[in-house]
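With the hints as your guide, set chain W onto chain B.
What follows is each chain in one-letter form.
There are 2 protein chains.
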Amino acid sequence: MIAGILGGMGPAATAEFYAKLIARTAAERDQDHLRVAIWADPTVPDRVAAVLDGSTDPYPALLAGAGKLRDLGASVIAIPCHTAHFFLPRLAADSGAPFVDMVAETAEFLAGRTGPVGLLGTRGTIAAGLYQRRVPEVEWVVPSEAGQREVDAAVAAVKRGDIAGGAAHFDRARVDAPLSVLACTELPLAAGKSGKVLDPTDLLADAVIRRCGGKPVDVRPPA
Amino acid sequence: MIAGILGGMGPAATAEFYAKLIARTAAERDQDHLRVAIWADPTVPDRVAAVLDGSTDPYPALLAGAGKLRDLGASVIAIPCHTAHFFLPRLAADSGAPFVDMVAETAEFLAGRTGPVGLLGTRGTIAAGLYQRRVPEVEWVVPSEAGQREVDAAVAAVKRGDIAGGAAHFDRARVDAPLSVLACTELPLAAGKSGKVLDPTDLLADAVIRRCGGKPVDVRPPA
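Those protein sequences? They're chains B and W, same order as listed.
Reading the first sequence from the start, the letters are residues 1 to 223 in my numbering.
Reading the second sequence from the start, the letters are residues 224 to 446 in my numbering.
Everything labelled a hint here was simulated from the structure, so no lab data went into it.
All C-beta atoms, glycine included, are put in the ideal place defined by N, C-alpha and C.
Each statement offered as a hint is correct.
Pairs of lysine-lysine, DSS-like flavour, derived with a Cα cap of 27 angstroms: (1) B/K215 / B/K196; (2) W/K416 / W/K438; (3) B/K68 / W/K291; (4) B/K193 / B/K215; (5) W/K438 / W/K419; (6) W/K416 / B/K193.
In silico contact screen, one side only, chain B against chain W (beta carbon under 7 angstroms); selected entries: (7) G10; (8) A15; (9) K159.
Isolated chain B, as found in the complex (with noise of 0.2 angstroms):
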């Protein structure tokens, strides 16, 4: 089994998640951790404003990463950017490839909760109805606009290596609600530790894990 890994959007974002992949697998050694190829390519271009304006068109380079990792022969493959999950129904069924979907397994998690929830993550995710859409029981609570302008600074700011920055700028972002979901993956790096967010990387990561025959340690996002 070889799990892939198509990412690079951004590059942080996915080396985060490779570490994550291999914390989160239960393993005494190399050789009980899983198989994983991973394409980085940061020359994809830019997912937000596709969403939002079509101005860019980054799914030519979503198409042949996805390619390159089915012919590696990956079992299943994962894509650390929330935003690029708006293109994920066609890039499956183009490719063939064994995607697993971050969205999907956050719905899966968040199954039977209702009240406000936080989102904090791209305009591009925010407008496409990423999780409103997939889980439209809960009482989404978007920020500000003046929130999401922190929003956006603390992704900018992780994506050019300033992670002290970027946390700054996510402390400064937070919505009203218990619980928020972290809907952009470079968002993990700038959160920290805090303990009133859910990290679907966290999700995904322990789905791939699973459909790699391996076991994902004990660490449960919060509930």
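Structure of chain W alone, referenced to chain B:
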């Protein structure tokens, strides 16, 4: 340009190296970063045993991985595992893949230096003389048998995901030298931010960035 990483030996060391490659690339946005392909196969048979007594043979798996990265179009391939560098001359010749040599990069950095330098690595790396033969001008100081057991324990702890345990063993493994080379890629994870160590993966990352036409940020290892 595509940077290839032949990794998984171990997996946490590969994730750390990938994160380092990103952190050391001067970039303002995703698209400034390197395109990276990683083949991480933790099931490669034990490298240390192969060097010490030939009871394992990692070579076929290493050659297969190098071929995959070459076929993906890697312009340069890094191996974030010192012990595996024992096989590098044969691997480069057989695969025709364009490797960057971490031991050679470290030798270049140490050029002109004399006096004691600590060598902390696996028993395989030390027995193979990877550093001693490449840099004969310095006085290599290897740990006592008790110290080497601490190095072995630090490496094993990191491989099973116990970074804190690795750090505790590493702290007891020091040798009497003003600078020590972390000649095993698990050790930077256990060593933290100690100022008295030279981490060859820093030099490997910068070499990869330069060969891909990127610009390393100005983070110098200790002189």
